[in-house]
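Visitor: If you want the building blocks of each chain, they are given just below.
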Amino acid sequence: MEFLSDIASLTNSTLRISTPLVFAAMAGIFAERSGVIDFSLEGKMLMAAFVAAVGSYFFGNPWAGLFMAIVACVSLSMLHGFASVTHKGDQVVSCVAINILIIGLTTALAAAWFGQAGLTPTLTDDQRFLEITLPFADALREVPIIGIIYSDILSGHYIFVYFAYISVPIVYWVVFKTSFGLRVRAVGENPSAVDTAGINVFTMRYKALAINGVLIAFAGAHLSTAVNANFFREMSAGRGYLALAAMIFGKWHPKTAVIACLLFGFTDALQIRLQGVELPTIGTIPVQLIQAVPYVLTVILLAGFVGKAIAPRAIGQPYIKER
Amino acid sequence: MSFALDKSKVPWWVSNLIVPLVNLTLALLVSGLFIFIAGENPYQAIKLIIYGSFGYVEGFAYTLYYTTNFIFTGLAFAVAFHCRLFNIGGEGQAYIGGLGVFLVAINFSFLPVPIIWILSIAGAFIFGAAWAFIPAYLQAKRGSHIVITTIMFNFIASSLMVYLLVDVIRDMKQMGPHTVALPKELWLPSFKDFAAFFGIKIRYSPLNASFLLAIAASLFVWFLVWKTKWGYEMRAVGHNTQAAIYAGISPYKNIIIAMLISGGLAGLLSINEVLGVHHKIVSGFPAGYGFTGIAVALMGRNHPIGIFPAAFLFGILYQGGSEVTFDMPNITRYMFVAVQGVIILFSGALENLFRPQIESFFVNKLNRQAKV
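Here the protein sequences come in this chain order: A and B.
Numbering-wise (this note's numbering), the first sequence opens with residue 225 and increments by one.
Numbering-wise (this note's numbering), the second sequence opens with residue 4 and increments by one.
I should point out that these hints are in silico values taken from the structure, not numbers from a laboratory.
Idealized CB from N, CA, C, for every residue including glycine.
Check before you lean on any hint, since a few could be wrong.
Some chain A residues near chain B, calculated using beta-carbon distances under 7 angstroms [what the hints assert, rightly or not]:
| id | residue |
| --- | --- |
| 1 | A321 |
| 2 | I327 |
| 3 | T427 |
| 4 | I509 |
Could you put together the complete structure from these sequences and hints?
Guide: Structure (structure tokens):
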């Protein structure tokens, strides 16, 4: 029985830990499918975490924080678009600029406003999102198998966890089954053909970036107003990049990207589990080395042991209209 | 701007001097706004920055010490960028480079000091280059995006070094995560010794002979990129990979060589930090210099002649910035990280924001003068 409950708790943490990655990967799919590289997921996630924490603190309501995080992230996406779509600046440089700017700005403003080295004040329970117990979760707990799956794995998560996994089929539907999605993919593959068909390439890319901003805001809010009760310095800890790697590994497709995200989440959950645990024959693995596992995994996934990733063809290229 | 401007008519000083200065001014204006939002007076902050970086000998020496670091990391980013590679991993490469310096200095301590110095420089370069090799190889052979892999290698380097510093090479007599100090005769001559030689007394200064190494590295990069066949090939790959392949130039080889040199240059940062300042490996010594190198290189237009003043400017910002953080409680050093981001934005991604207007303004003006 202990083995089963171990598996249940590991699955439970995998779902929780993967949540910001799933949002970020979905956000990345929109941007990159439209032909705009988005390494700035990392910075936007951090910005969302900061703004959500500050917003929830001032308004006393986590939803207000989430709303402000969405506004902030969409603005950053628009800034990225302004530099790389309108002014045809280098997309990677724009992302690097946003990431460094946000690392500095969030910590500097947190210190200036709250006087604690890069921390925002701890949120009370009504200023943050709490775990949701699904209906009948307690009643069903004793039922074999279903009880474990429903009560111990599916129930008791933050609202963002449910949002994240619901967003996957929605993103799939929007990107692959609607005419809007077709246009997004088309501007990422062959913008001049789309232009010839009378669709504005720039507007399409801005729209895709706006959706990208909304999605990534959820990832940040999850970090600072649900899992943690405050913002701290560089709390996104590379998750934006991990999500991007997952998205590339998932070949810019929501279904496969979510699996890669879960793989990251699982490694991380396992990593936390193994800290300080004595393993047979190997002994205790030093904490620092275990913590590096998700990053090593990212490199391995990117190295692509399952064939070469094929990016949207027009990715990273600013669209220049012929005159 | 619907008409195309003849690029050849634009004088060099407009595109290489006026436009970057306008972009820098914009970036500083936005940064001033941040300081205002943080609740301090931007004008006072600028006065403090200038006093802190120029106002007294020690302050100016600190400015040049930071400049040294930024020259190394700026050159590192620039070399890779000429091959269109974004080496964001300067931070990790410098960290691992420190390991190279330390291992050489400890294991070859029986040799004469100048030879140890030369071997240490080689050690820093080789270890930094080695850390850049895997991302380079994966980019060249597998197309794994170098931005993600080098960032991941920063995280991995950090974990690895903390592990080594805590469990393997830590000075076991001390609590902090750092190694034992290197023997005193190995320390690079510092500016303090140099000034004392001329009878000037200075309390403390981190500035040391690495500054000269940074200038040598700038010359080396200039020669390598613009005066050698390899530099030409590398720039060709960066400019137009397809054309380079037609010309018989191997993109794989050039991607890997460019990254090795880039990583090696980033590794040299540790000569300044390990051999010149701390005289041991201190946890987290690259302290963001690797990232600042990106801003330095973009502002300096990836040319050693531009990188030097850009590195100096960031030296001023860093040293002056620490003066600001002393006097203004609401400003932390992270404010200057944000300033870097703004500078990268305006001199990198948004560099074309006003370029067409500025260039056509000057071309029209010169045309009118020519007619008169």
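Visitor: Against this structure, judge whether each hint is valid.
Guide: Hints versus structure:
no.: 1; hint: A321; result: holds, 4 angstroms
no.: 2; hint: I327; result: holds, 6 angstroms
no.: 3; hint: T427; result: violated, 20 angstroms
no.: 4; hint: I509; result: violated, 10 angstroms
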